[in-house]
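Peer 1: These protein sequence lines are chains A, B and C, in that order. Following the numbering used here, the numbering of the first sequence begins with 1 at its first residue and continues without gaps. Following the numbering used here, the numbering of the second sequence begins with 1 at its first residue and continues without gaps. Following the numbering used here, the numbering of the third sequence begins with 1 at its first residue and continues without gaps.
Rather than coming from a laboratory, the hints here were simulated on the basis of the structure. Don't take each hint at face value.
Think about it this way: if two alpha-carbon atoms lie no more than 27 Å apart in a straight line, the pair counts; the simulated DSS-like pairs of lysine-lysine are [as the list claims (entries may be wrong)]: (1) B/K128 <-> C/K7; (2) B/K128 <-> C/K217; (3) C/K4 <-> B/K135; (4) B/K110 <-> B/K142.
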Amino acid sequence: MAKFIQSLANGLNLGSIYALTALGYTMVYGIIRMINFAHGDFIMVGGFTLFYLIPVMLKMGLPAWFAVFVAIIVCVFVGVMTEQIAYKPVRGQGSTTALITALGMSLVLENGALVLFGSAPRNVPPMFNLPAVAIGSVTIPGTTILTLVIGIVMMLLLTLFIKYTKLGRAMRAVPEDKIASTLVGINVNKIITITFAIGSGLAAVASMMYTTSYVSIKNELGITLGLKAFVAAVLGGIGSVPGAMIGGLLLGIIEIMVKVYMLPGTYEAVTYLILILVLLVRPSGLMGKKVNEKV
Amino acid sequence: MAEERVPVLEIKSLGIQFGGLKAVNDVNIQIYPGELIGLIGPNGAGKTTIFNLITGIYKPTTGSYMLCGKRMNGLSTHQVVQEGIARTFQNIRLFKKMTVLDNVRVAFNKDMKSSLFQSIARTPFFWKEEEETTKKAMELLKLFKLEEFADQRAENLPYGKQRLLEIARALATDMKLLLLDEPAAGMNPVETDELKESIKMLREKFQIPILLIEHDMSLVMSICERIYVLNFGEILASGLPEEIANNKDVIEAYLGKEDEGGEADA
Amino acid sequence: MPKKMKKNYLICIIAVIVGFLLLSLLFDTGILGKKSAYFNGLVVIGMFYTIIVCSLNLLTGYMGEFSLGHAGFMSIGAYASAIVTTLISDQVKLPSIVLYLIAILVGSVAAGIIGFLVGIPALRLSGDYLCIVTVAVAEIVRVVLSNFGIPAITGSATFGKSFAGIAKVSDYHYVYITMVVCIFIMYCYIRSRYGRALIAIREDRIAAAASGINVTKTKVLTFTISAFFAGTAGAIYAHYITTLVPTYFNFSKSSEFLAIVILGGSGSLTGSIVAAPILSALPQLISYVVPAFASYRMLIYAIILVVVMIFKPTGLFGGREFSLPKLLEKFTKKKATEGKE
Numbered sequence: 001m002a003k004f005i006q007s008l009a010n011g012l013n014l015g016s017i018y019a020l021t022a023l024g025y026t027m028v029y030g031i032i033r034m035i036n037f038a039h040g041d042f043i044m045v046g047g048f049t050l051f052y053l054i055p056v057m058l059k060m061g062l063p064a065w066f067a068v069f070v071a072i073i074v075c076v077f078v079g080v081m082t083e084q085i086a087y088k089p090v091r092g093q094g095s096t097t098a099l100i101t102a103l104g105m106s107l108v109l110e111n112g113a114l115v116l117f118g119s120a121p122r123n124v125p126p127m128f129n130l131p132a133v134a135i136g137s138v139t140i141p142g143t144t145i146l147t148l149v150i151g152i153v154m155m156l157l158l159t160l161f162i163k164y165t166k167l168g169r170a171m172r173a174v175p176e177d178k179i180a181s182t183l184v185g186i187n188v189n190k191i192i193t194i195t196f197a198i199g200s201g202l203a204a205v206a207s208m209m210y211t212t213s214y215v216s217i218k219n220e221l222g223i224t225l226g227l228k229a230f231v232a233a234v235l236g237g238i239g240s241v242p243g244a245m246i247g248g249l250l251l252g253i254i255e256i257m258v259k260v261y262m263l264p265g266t267y268e269a270v271t272y273l274i275l276i277l278v279l280l281v282r283p284s285g286l287m288g289k290k291v292n293e294k295v
Numbered sequence: 001m002a003e004e005r006v007p008v009l010e011i012k013s014l015g016i017q018f019g020g021l022k023a024v025n026d027v028n029i030q031i032y033p034g035e036l037i038g039l040i041g042p043n044g045a046g047k048t049t050i051f052n053l054i055t056g057i058y059k060p061t062t063g064s065y066m067l068c069g070k071r072m073n074g075l076s077t078h079q080v081v082q083e084g085i086a087r088t089f090q091n092i093r094l095f096k097k098m099t100v101l102d103n104v105r106v107a108f109n110k111d112m113k114s115s116l117f118q119s120i121a122r123t124p125f126f127w128k129e130e131e132e133t134t135k136k137a138m139e140l141l142k143l144f145k146l147e148e149f150a151d152q153r154a155e156n157l158p159y160g161k162q163r164l165l166e167i168a169r170a171l172a173t174d175m176k177l178l179l180l181d182e183p184a185a186g187m188n189p190v191e192t193d194e195l196k197e198s199i200k201m202l203r204e205k206f207q208i209p210i211l212l213i214e215h216d217m218s219l220v221m222s223i224c225e226r227i228y229v230l231n232f233g234e235i236l237a238s239g240l241p242e243e244i245a246n247n248k249d250v251i252e253a254y255l256g257k258e259d260e261g262g263e264a265d266a
Numbered sequence: 001m002p003k004k005m006k007k008n009y010l011i012c013i014i015a016v017i018v019g020f021l022l023l024s025l026l027f028d029t030g031i032l033g034k035k036s037a038y039f040n041g042l043v044v045i046g047m048f049y050t051i052i053v054c055s056l057n058l059l060t061g062y063m064g065e066f067s068l069g070h071a072g073f074m075s076i077g078a079y080a081s082a083i084v085t086t087l088i089s090d091q092v093k094l095p096s097i098v099l100y101l102i103a104i105l106v107g108s109v110a111a112g113i114i115g116f117l118v119g120i121p122a123l124r125l126s127g128d129y130l131c132i133v134t135v136a137v138a139e140i141v142r143v144v145l146s147n148f149g150i151p152a153i154t155g156s157a158t159f160g161k162s163f164a165g166i167a168k169v170s171d172y173h174y175v176y177i178t179m180v181v182c183i184f185i186m187y188c189y190i191r192s193r194y195g196r197a198l199i200a201i202r203e204d205r206i207a208a209a210a211s212g213i214n215v216t217k218t219k220v221l222t223f224t225i226s227a228f229f230a231g232t233a234g235a236i237y238a239h240y241i242t243t244l245v246p247t248y249f250n251f252s253k254s255s256e257f258l259a260i261v262i263l264g265g266s267g268s269l270t271g272s273i274v275a276a277p278i279l280s281a282l283p284q285l286i287s288y289v290v291p292a293f294a295s296y297r298m299l300i301y302a303i304i305l306v307v308v309m310i311f312k313p314t315g316l317f318g319g320r321e322f323s324l325p326k327l328l329e330k331f332t333k334k335k336a337t338e339g340k341e
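Chain A with its partners taken away, still in its complex shape:
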C-alpha cells in the first residue's frame, strides 16, 4: 500500500508535467490545427536557461527560483519568434507544410542546442529546499508536492482565464471559425501570437517542474518529453484544455505504475501502445469532439 501511494504521488508528479506540456500542444493545435513539434524544445530551452541562470542568481544573492521568471521570458520570446518567423509565413499553405515546418523548427532548436551546449547531459542545480512530508509510512519529497501544487494552480488559472476573460473567449472563438472571428472584430493574428506566448510560458513552468524532479537535461529533452506530452494531448482529445490535463495526469500515473508493477523497461512502449489503441477506438480522444467531413 505504501508503495502504491508513493507511486501514485510520483505518477501525479510526472503527470502534471505532462499535463502542463500537453496544454501547450493542445492550445496551439486547437487554434491553428498544427502539431507544434517545437513545443517540447521550448521546455528544453527553459531547462538550459535555468541551468545557466541559477548560479548567476545565487551569486547575485537572489533566491534560485527567480531564474524561473527569466526562463519564462526566454521561452515566451523563443515561442513567439518561432511563430512569427517560421509559422506565420506558412499559415494557409496547408497542413502538410505546417507539419514539416514545425518539425523543422523542432530540429533547429534541438540541433541548435547541440551546437551551443553539446550533447552531454547537464544537472540543473536545485531551486527549492523543501522538507519531505511523511504520510504514515510514506515519505513524499517536498519538491514532488510543490510540483503537483504548481501544476494544479497553473491548470486552474488557465481554465479560469479561458472561461472568463475576454481574451480567453476570443481564443475559444478563433478555432471555431476564423473568418467569423475576424468579422466580429477579433484580431486573429494577435490571438494566435498570444496563444503561442501562453503555451511557451507554460513550457517554462514545465521545465522548472521537470528539472526539480528529474534534474538532468540534455538537448534531446524536447523530443522525449514532447512526444509523450503530445500523446497525452491526443489521449485527452487534442484541442481540449481539460482533455490535456486529464490525459497528462492519466499518462503520468500509467507510466509510473507500469514502471513499478510491470516491466520497468517497457513503460514507454506501453505509453505508445495506449496511444494507438485510443486513436483506433476513439480518434477524437477522451474529451475531443468528433468532426465529420462535408461531402
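Got chain A; can you put chains B and C on it based on the hints?
Peer 2: The following block gives chains B and C in isolation, referenced to the frame of chain A:
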C-alpha cells in the same frame, strides 16, 4: 406499362437521422430504364444527402434501396460503384493535380485486370491494357469535346469543362445509373446549353437512366420526364413536369405562403 | 510496349550501366588508393538512403500521408535480416552473394509484414493522427529492441542491446543493383493503374471512392510496399555497418528521412534519388575534412528545411520528375538546329 418493369433504382422508405434531425425521412423513388428523373427542392431539403445515402457515403438509418432488384444497403462507396451507380458532385471533386486524361483513366481502374506483378514487370498484357484504357478514355473525352485538353491538369480547365469532365469520369465506371448533382450550378447560359446538349447526347448514346439534382428550373422542366420534389427531407410531390409546375404545395415550398413572403430559390 | 517508351527505357538502362562502370572504375581499379574503403562506404550509405527515402516518398508524395516512423520499419528489416544471416552463417558457409540475397529478402519481407499489420488498422486514420501513429509504432519497436535483447542463440554473435558480428556482405556492386531494382519497382508501381488510383486518393478520397477505387486496399498496399523497401534499406544497412544499436533508429532518424524527402521534392522520385545521396553522403564527406561540421549537419538541414518550407514548399523538384531521355532529346535537338545554322 412502366409499373411492370423492374426499376433500375428502387428506394424504399429511406431515411437518415443526424442527432435529432431527420435529414431524410421515408423517401420512395423509382427509376425505370432509360428515364431521366429530376430531384428538386429548396436548399437544405436533403437532395445531396439522398445521393450520399445511395452511394454509401452515409449509412441509412431506415429503409433500403435496390439496384436492378439487388439490395445495396451497407455497401461501401467503391462497392456501390462496382455494382453500377456513378455520380458527380455538387462542389466539383476532380483530381486536380492529375491530367484530364488520367482523371478519366482512374475511373477505368475497377475493370482493369493487370495484377501488381504484371504492372511492375511491365508485361505485354500491361502495355496492351494501358493502351486500350487510354483509347477508351480519349473516346469519352471526345464525346464532351475535351480531347484537346487531355494532357492538361484538371485544375486548369475552365469551370464548365470541369463539370463535363466530372460527368465523363462518372461514365468511365460503366454504370447502370448516373447521378448528377447540380451539374449546371455556377454555369453561364452558354455552358448550361452545352450541358443540356451533353445530357441529351448521353441519353441517346448510352440509354442510361439519370437522376438529376438541379436548381435550374428551365433545365429540369425541359429535359426531365418525371420530377420528385423534396422538402424538409420528405417527398412533397412527384409527377410530370407540368404537374409539378402547377402543384400548389410545391409553389408554396419554393415561394413560401403569400403572407410569409419567402425567397425564391429557382 | 510503345516505341517511344522502348527508346526511353533503353536510355535509362544505358545510364544505369554507365553508373555501374563508373563506380567500378573508382573502386575496383584502386585509383583512390587508401581512401577507397572510406569512399566505398559513403557510396553504400548514399544508396541505402536513396532506397528508404524513395520508399518514404511513396507515402508522402503519392499517397499524401506522412510517416515519421520509417526508421522503425528500417530497424525491423535490419534486425530480422541480421538474425537470420547470423544464424545461417553459424551453420553453413555461404557465398556472400547468397547471404546478401537472403538478408535482403528476409529484411524486406519482415518489414513488409509489419507494415501490413500496422497499416490495416492505422490507415483508417489520416493526416496528423496517422503521422503520430507511425511515430508510436517506431518508438514501440525501438523500446522493445532496446529492452528485450535477443537471446544469445549462437556463439559467434553477441546479442542484446547492441547486436554485433553481422556478416559484412553489403558489397557496393550488389547494393547498386538492389537500389536500381527497388527504384524501378517503385517507379513502375506509380506509373500503373495502382499508382493512378493512389494519386487520385491523395487528390480527393471521396471522389476516388466514387470512381470505384477501393481506398483502404490501395492505401494498405502502398503502406506495405513502402515498409517493404524500408526493410530492404535496413537489411543493407545491417550488413554494411555490422553492428546494430536500437537508438540509431530513433525519431530523429525518421525526421531526417522525411526532411530529405521534402527537400528533394515530395512526389518526385527523381528528386529523392538526387537528394538522398547528396544529403546523406555529402555531410559525411565534409565532416571528414572538417570534423567540427558533424554537429552542425542536422542544424543546417533543419534551417534549410524551414527556409524551403517558407519560400518553396514543394521542394527541390516540386513534384516534377527529371527525365534523362527528355534531357537528351532537348540536347540533341539543340545540336541539330545549331548544326543547320
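Peer 1: Decide, hint by hint, whether the structure agrees.
Peer 2: Evaluated hints:
{"no.": "1", "hint": "B/K128 <-> C/K7", "in the structure": "holds (18 Å)"}
{"no.": "2", "hint": "B/K128 <-> C/K217", "in the structure": "holds (25 Å)"}
{"no.": "3", "hint": "C/K4 <-> B/K135", "in the structure": "holds (17 Å)"}
{"no.": "4", "hint": "B/K110 <-> B/K142", "in the structure": "holds (22 Å)"}
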